[in-house]
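Make the full structure from the sequences, and use the hints.
Chain residues, written in single-letter form:
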Amino acid sequence: MQLFDGCVIPYPSGTVSISRYARELRSLGFSGCVVNGRVPQTAEYDIQILSARYLIDIPARILAREADKPAGMNEVVYVRAGDAGFCRTAIQTPGVHVLMDIETAPKDAFDRYCAHLAAEKGVGIGLSTLPLIQLRDVSRQKVIRRYEEIFTLQNRYEFPLVVSSHASDITHLKSPREMIRLFSLVCEDEDLLYSSMTSVGQIKNRQGPVREVR
Amino acid sequence: MRLRPSMRENFRYILARISPMNEFESRDIYRAVAESVITLYGDDIAAHMWPAVMQVKGPYVIIRCRRGTEKKLETALSSITSVQGTRSALHPVRTSGTIKTLREIIPKVMRNREGRAVIAGNTYEVIIAGRGRIDLKDKGIYLDIPRYITKEDTEDLNYDE
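In order, the protein sequence lines correspond to chains A and B.
Position in the first sequence counted from 1, then plus 7, gives you the numbering used here.
Position in the second sequence counted from 1, then plus 361, gives you the numbering used here.
Just so you know, the hints here were simulated from the structure itself, not pulled from any lab data.
Watch out, some of these pointers could steer you wrong.
Here are the in silico distance ranges between beta carbons for each label pair [what the hints assert, rightly or not]:
| # | chain 1 | residue 1 | chain 2 | residue 2 | range |
| --- | --- | --- | --- | --- | --- |
| 1 | B | Gly419 | A | Ala67 | 49 to 55 Å |
| 2 | B | Gly458 | A | Pro47 | 26 to 32 Å |
| 3 | A | Pro47 | B | Arg427 | 47 to 53 Å |
| 4 | A | Tyr201 | B | Ala490 | 27 to 33 Å |
| 5 | A | Arg68 | B | Asp405 | 50 to 56 Å |
| 6 | A | Ile151 | B | His409 | 17 to 23 Å |
One-sided and incomplete, this derived list gives chain B residues near chain A with beta-carbon spacing under 8 Å [said to hold, decoys possible]:
| # | residue |
| --- | --- |
| 7 | Ser380 |
| 8 | Lys432 |
| 9 | Gly482 |
A quick note: this is a predicted structure, and the numbers were derived from the prediction, not measured.
We put the CB at the ideal spot given by N, CA and C, even for glycine.
Spelled out as structure tokens, the structure:
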């Protein structure tokens with residue numbers, strides 16, 4: 008089973024080089040990761056590396072154009088969640104693979120209609136361990152409640168989940184076992200959590216409807 | 362109070378690895394663990410869990426808890442972000458019923474070496490750990506390169522004698 012860390016942020020946004028991430032993640036038990044940003048094509052790493060285009064604060068009207076830009080090798084497209092309208096548009100936009108940062112979106116941004124659409128289109132919903140370890144008190148309670156809602160919707164609609172450490176520093180990295188323990192605060196189903204670590208490959212290689220290419 | 366062996370508590374021991382390879386005193390680690398348990402689960406569970414740091418050996422630490430609370434302690438260990446004000450993470454490696462088993466897992470040789478690395482034409486003081494892991498010293502003055510790298514990211518690497 009190929010276990011992937013759904014998102015890590017290397018230098019210059021973070022403090023860790025891609026090769027160091029690869030080495031640390033391998034020692035933690037992962038067989039691949041998704042790196043936010045460009046990955047040098049010539050370099051060889053200890054684990055499989057996918058690169059992600061992370062779209063932040065993109066207006067909904069130009070989202071399709073941004074997501075549809077010619078993708079590089081092994082590239083996945085992540086979009087940061089916004090309000091309910093934006094989330095629905097993002098999920099229905101061809102080329103978008105994962106909707107991230109739901110915990111920072113407005114309260115009702117991800118509703119059951121979004122959940123239904125995500126399941127139908129095969130778009131992943133990103134969950135990160137970072138707010139669970141970095142936040143304290145009420146802020147962490149809010150994130151736990153939000154994640155509980157997402158797991159409840161997932162149980163009903165069965166959309167894919169993508170679990171990530173969202174690490175920008177070496178101390179943010181978590182092993183698969185730690186991720187499961189942290190998410191056990193909101194979900195007891197270990198099989199679901201394990202499958203969430205293997206879902207990136209399936210989301211990337213999903214078979215969509217035939218599209219006209221110009 | 363001295364109890365009969367049959368009345369004694371059953372404990373579980375968790376081996377955790379500190380990342381990056383910093384060394385701390387056991388009381389500093391205990392404070393970090395206790396703070397994490399209390400913020401995550403509250404005083405009630407913390408009192409029931411009874412966490413204690415049994416041994417610190419380099420970047421490895423053995424932590425004890427009552428049987429049945431080991432999963433909660435692992436979650437609390439995973440949520441630690443700093444020890445004694447230094448950014449650090451504790452990665453639970455293995456849980457066991459005896460300390461002896463965990464002591465056997467701890468690597469015998471764990472030597473960090475100091476040296477100098479040449480990166481982008483400049484020389485930096487570094488700590489070189491196993492498997493080519495390199496940490497730059499004194500973050501804050503190096504904003505133009507990553508702090509945590511590997512041997513492959515350097516142009517030249519010299520060990521201090």
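Status of the hints after comparison with the structure:
1. Gly419/B / Ala67/A: 49 to 55 Å: holds, 52 Å
2. Gly458/B / Pro47/A: 26 to 32 Å: violated, 47 Å
3. Pro47/A / Arg427/B: 47 to 53 Å: holds, 49 Å
4. Tyr201/A / Ala490/B: 27 to 33 Å: holds, 30 Å
5. Arg68/A / Asp405/B: 50 to 56 Å: At roughly 51 Å between Cβ atoms, aspartate 405/B and arginine 68/A fall inside 50 to 56 Å, so the hint holds.
6. Ile151/A / His409/B: 17 to 23 Å: holds, 21 Å
7. Ser380: holds, 6 Å
8. Lys432: holds, 6 Å
9. Gly482: violated, 17 Å
The structure is inconsistent with the numbered hints 2, 9, although it conforms to all the rest.
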